[in-house]
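Asker: Those sequence lines, one after another, are chains A and B. Mapping the first sequence onto the numbering used here, position 167 (from 1) lands on 167, and the numbers just tick up by one. Mapping the second sequence onto the numbering used here, position 164 (from 1) lands on 164, and the numbers just tick up by one.
Derived by calculation from the structure, the hints in this document are not laboratory data. In this text, all values refer to a predicted model and were calculated from it rather than measured experimentally. Accuracy of the hints is not assured; some may be wrong.
[To be verified] Here are the simulated lysine-lysine pairs, BS3-like style, with alpha carbons at most 27 Å apart:
#, chain 1, residue 1, chain 2, residue 2
1, B, Lys-204, B, Lys-222
2, B, Lys-462, B, Lys-216
3, A, Lys-255, A, Lys-224
4, B, Lys-204, B, Lys-216
5, B, Lys-385, A, Lys-255
6, A, Lys-224, B, Lys-385
Here are the chains, one letter per residue:
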Amino acid sequence: MTAVRRVGSALLAPAIAVVFAVVITALVILLIGENPSTALRVLFDFGDTPAQQTQSIVVILNRAVPLFLAGLAVSVAFRMGLFNIGVEGQYRMATVLAAGAGAAVALPAPLHVLLIIVVAMAVGALWASIVAILKVTRGVSEVISSIMLNFIALGIASWLLTGPLRGSEEGAAIITTEDLPESGRFPAINGLFDVVGLAQPRGELYGFLLVAIVVGIAIAVLLKRTRFGFDLRATGLSPSAATASGIDARGMVLKTMLISGAVAGLIGLPDLMGRTHHFGTEFTAGLGFLGIAVALLGRNSPVGIAFAALLFAFLDRAAVPLQFADIPASVVTIIQGTIVLAVVVANEIARQLTRRRAERDTGQGGPPAPESPSPNPTGTAGSRIDEPQGAGA
Amino acid sequence: MAEAPAGAHPAAAANGDAPYAVELRGITKRFPGVVANRDIELRVRRGEVHAIVGENGAGKSTLMKTLYGMHRPDEGTILLDGRETTLRSPADAIAAGIGMVHQHFMLADYFTVLESIVLGSEPTSGGRLDRAEARRRIREIFSRYALNLDPDVLVEDLGVGDRQRVEIAKVLYRGATTLILDEPTAVLVPQEVDELFGNLAELKREGLTVIFISHKLDEVRKVADSITVIRRGTTVGSADPRTTTARQLAEMMVGSELPSPQTRTSTVRETPVLELRGVTVASLTGRPAVDGATLTVREGEVVGIAGVEGNGQAELVDAIMGLRPLAGGTISLGGDDISAWSTRSRREAGVGFIPEDRHRQGMLLDAPLWENRILGHQTRPPAVKGVFIDRSGARTDTERIMREYDVRAPGVDALAVALSGGNQQKLIVGREMSSGPRLLIAAHPTRGVDVGAQAAIWELLKDARAEGMGILLISADLDELIGLSDTLQVMLRGRLVAELDPASLTPEELGGHMTGAHDGSGSAA
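Just chain A, with the same shape it has in the complex:
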C-alpha cells in the first residue's frame, strides 16, 4: 500500500462523517425555517478586520487546547480497550484542587506553574486509579465505575468550592476559588502573531498550547515507540494474546488509567491558568464528554485528535455569531453530535475496507468460515465491534 493510499484511507472515514453531518444539519436548519447557507457563511466568517480574524483564530485555538487534552486522555485508555468515561470527573477534581493549591502557596513563577500542573496531574491520576483498582481487584466494569465517579467528583468539587476552597465573598452570585497569584498564571504567547506577521488579536493566546503540543508528542512517542506503548496497544488489540505474551493485564489497566487520568488532570488548566485564574460555578464543563467525541473522530491517534479538536473548536466558535444571525446555537451541537455518530459508523466501514484490501493484496486470507471467525479484539471504542461471520447453520 502506498503512503498516499494509507493516508487516504485514514482520512476517508472522518471526511465522510463530516460531509454527512453537514448535510443532516442543513436539513435540520431547513426544517426550522432558516437558511442553511447563512449558517455556513457564519461558520466561515472570521470577521472583517485583521485583528478580528486573528481573534477568531485565538478563540478556536484556546478552545482546541482543552479539547485536544481531553481527547488524548480518552484515547490513551481507548487504545488499550478501556472506556474512560470518567475524564469529566477527573478534570473537575483536578482543576478545583489545583486552583486551591495554586492560590494557597506563594512560589516563584516557573515553580508555581509547575506545582499547579503537578497537583492537577496527580489528582487526575489518583481519581482515575480508583476506577482501575475497582476493575483489577473486583472486576467492576470501568464504564460503570467511571460514570458513577463523575457524579461523586462533581459533588466533591461543589463541596470544596462552597466550603474549604471558597474564595469569593458570601452572597456572591458566582462562587469561585481564590484567584491564582500572578506567578501561578501561564503567560500568553501572543508574540507568536508578530513572528508570523499577523495582526495582534484582542484576546490572549493560551501559552498552555505549548504544553499540550509537548504532551501530544509525548503520548504519540509513548504509544508508538516504546515497549510500554506496545504492551498497551497489544492489550487493546487482543487481551488474550497480550496475556499469553507475558503482559501483566492488571498492571496495564492500572498504569493506563494513571496516564489517562494524569492527562485528564491537565484539561482544565488552559482556562484556569490562562483566563479565569480561578475555578468556579461557571467553569467550562463537559470537556470530558466532548473528549470522547474528539477521540473517536481522531481515531485515537494524537495527530487525528489534534485535527478533531480544531474542528470542534472551529464549530464552537460559531455558536455566538450564529445567534446574531437568528440561528440557534444548538446547530453547532447538532453538527458535533452527528459527526460523532457518523464517524463511529464510518470508522467501522473504513476498517473493514482496509482489512479486506489487506486480504486481497496477499490473496491468502481465508474465506469467511464459522469455525474460524476472526477473534473479537475487544478493543478501541465502538469501532471494533466484529460482526460474526457466516453466522449460518
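Based on the hints, put chain B in the right spot on chain A.
Answerer: Below, chain B without anything else, positioned relative to chain A:
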C-alpha cells in the same frame, strides 16, 4: 494455482439411467482475494457413502457450504436427483433433503436428546410441544437407523460419540435423504469412529446418501464407496477405495511426496529442563482441571501429551506458562522453581510458546507482521532497545523469519490477518524459535495448517530437539504424537494416567488409553 488435474475426472456417468443424488458442475466460488473453489465437479450416487478428501484449506468446507445453501456459487450448477436446483439458504437445502452434521456440535447442554432433536421443527398441538408425537417419530428414526440413544437423557451427560448421533438424528428428523458430515471423526477416538461407521452403514442400507468430508485417508478407505479428491480449491480426480492405497490417495491430495512425522534417533540427554511435581489446577466445577500432574522433560526430549480434548491439557499448558494459578504442586525450569513467576519472567527464562489457538493467544491479527514479531519478546533484542521498540531491528528479524521459515507474505508491513493459517503458524514458530528457548510448549502446532507447512513445522521441531531443546507437545493428531514424541503421557480427566513408549504403540492402543479403556482407575469415574 493452475495445476493440471492429476487423475481422470470422476468416472463418467456410465450408468446414465439413474440420476445422481447430487451432482455439481463447474462450481466456482470466490471470496475477496481468493478463489476458494474452482471448477468443482462432483457426482454422488444415491445410497452411497461418498468421501471428499483434501488437505485443510483445500476448499472442502467452502464446497459443503455451497451445497448446504450457506452461500451461492459464483458459477456452476447444482443438480439434485437430476434437477437443477438453486439453494438460497440452509432452509432451502433442508427442504431439498440435504442435511448437514457440523464438525462442532450445536447442542444445548440442558436440553434432553428429544428436545435437541425437535428444536426448530417442533411438532405442536395447540401451540405446545407435542411430546408424544415427537417421541413416536424419534423412536421410529432410532430403530430404523439403529441409533442407540435414550431420548430423555440430557445432552450434558452424553459423550462425544452420542452427541454426534444426536446431530445425525436431528438431520434425519428433518427428512434429509442426503447427509453431509463435515470431518465427523476429528473429535472421536478410534473406538467411537468404528461406531460411527456402523451407523453410516445403516444409513446406507436404508437408501440414504452420505457425503463424508475428511482428510484421514485410512478412515476414508474403510468407509467410503467412492472418493473425490480436492486440491487447492478444485477437484483433481476420483478414486475407488478398493483399488487405491492410502499412499496414492495422499499423493493425489498433496500433489507430492508425503512427509512423515517420524523422528530419527533419540537425542534425549540427562539434564531435566522442565519438571512438574504434583501440579494441580482448580476448576470452577469442583474436580480439579489438572490433578497432580508429575512429569519431566529433558534436554533434547519431546514429551507428548495425548488425550481427548478437554481433559485438562489446555489448563496444564496455561499453568506452565503462568496464565493460570496453581492450586498445588511446583513447576521448575532448569532447576529453578518458577511456580510463582510471571508469564513474562518465564518467557525471559527461556520458554517458547506455540499456543493452541493462534488467533486468540498467538497473534495480533490487526497488527503488521513486524509487530507480531515483537509479541511475547517485548523485553529482548532484537525487538527492543531499552524501553524503546527497535523498529528496524524487529523488521529485519521479521524478514529473516519470513525467509528462513518460508512465511509467504507481501512484506513485514502486511497485517497478520491477511496471511493463511499455515503462514501465520510458521511466523509464530519462527518467532518462538528465534530467542533460542530451552523449553518449547507446542500446543497443536500443526492444527489447521496445510500439509507443506505441517512438514516444515515437524522438521523444525525435530531440529530443535536435536539441538537440545526440550519440547512439550500437546496434540490431537495421534500420528503426530506417536511420530514425534520420545515419551508419551496420556491425560484423562485432569490426571496423567499412563506413560507410554511411542516406539511400540499403535494409534488404536493410544486411543484406548485416551478413553480410559486401558486404565484401571478410569473405569470407576
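Asker: State for each hint whether it applies.
Answerer: Outcome of the hint check:
1. Proximity of Lys-204 of chain B to Lys-222 of chain B is assessed by CA-CA distance (about 14 Å); at most 27 Å being required, the pair is judged to hold.
2. Between Lys-462 of chain B and Lys-216 of chain B, the direct Cα distance comes to roughly 23 Å. Compliance with the 27 Å bound is thereby established for this hinted pair.
3. About 16 Å separates the Cα atoms of Lys-255 of chain A and Lys-224 of chain A, which keeps this hinted pair within 27 Å; it holds.
4. As the CA atoms of Lys-204 of chain B and Lys-216 of chain B are separated by approximately 21 Å, the hinted pair is consistent with the 27 Å bound.
5. The straight-line distance between the Cα atoms of Lys-385 of chain B and Lys-255 of chain A is roughly 21 Å, inside the 27 Å bound, and the hint therefore holds.
6. For the proposed pair Lys-224 of chain A and Lys-385 of chain B, the alpha carbon gap of about 14 Å is at most 27 Å, so the pair holds.
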